[in-house]
Amino acid sequence: MKKKIVLINLFMSVTVLFAMLFQTIHSYEHIYKQLTEQRCDHHYVDGQKQITHSHSADTNCHVCHFAFSTFIPNNFQALSFHKVNIETSYLFFYTRGASVFFKGSLFALRAPPATV
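In the working numbering, the protein residues as written are 1 to 116.
These are calculated hints, taken from the structure and not from any lab test. Ideal Cβ positions, reconstructed from N, Cα and C, are used throughout, including at glycine. Check the hints yourself; a few may be wrong.
Simulated restraints, written as ranges between beta carbons of each label pair [what the hints assert, rightly or not]:
| # | residue 1 | residue 2 | range |
| --- | --- | --- | --- |
| 1 | 21 | 60 | 19 to 27 Å |
| 2 | 28 | 3 | 32 to 40 Å |
| 3 | 69 | 47 | 47 to 55 Å |
| 4 | 8 | 67 | 19 to 27 Å |
| 5 | 2 | 39 | 43 to 51 Å |
| 6 | 76 | 40 | 33 to 41 Å |
| 7 | 67 | 32 | 19 to 27 Å |
| 8 | 40 | 4 | 53 to 61 Å |
| 9 | 72 | 46 | 53 to 61 Å |
| 10 | 71 | 38 | 36 to 44 Å |
| 11 | 83 | 8 | 17 to 25 Å |
Please model the entire structure based on the sequences and the hints provided.
Rendered as structure tokens:
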């Protein structure tokens, strides 16, 4: 079991290392592309608009914009709890029924018997 955990940890660390190294190596690809590109000289004539071709630079490179982050999206709905108020009627006096005869011993009582 320990060998399996060690292998999983090694695999995960190599994966993270590869992701960071691949991004660095990929940036050299962009530099190489700029250095080997043919230089284009434009000859403009005054008073005429000439559109012969276009130069487009790929600025939206997904590999170059990759970054590790700790952001986890919030996909669950927030719960809101409401307190339920139940209105009760007020009692101004209490009545207590008195027992006339002894019904047996109550072991739950922890005081000496009292006479009413």
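For a quick check of understanding: which of the numbered hints are violated here, in increasing order? 5, 6 and 11
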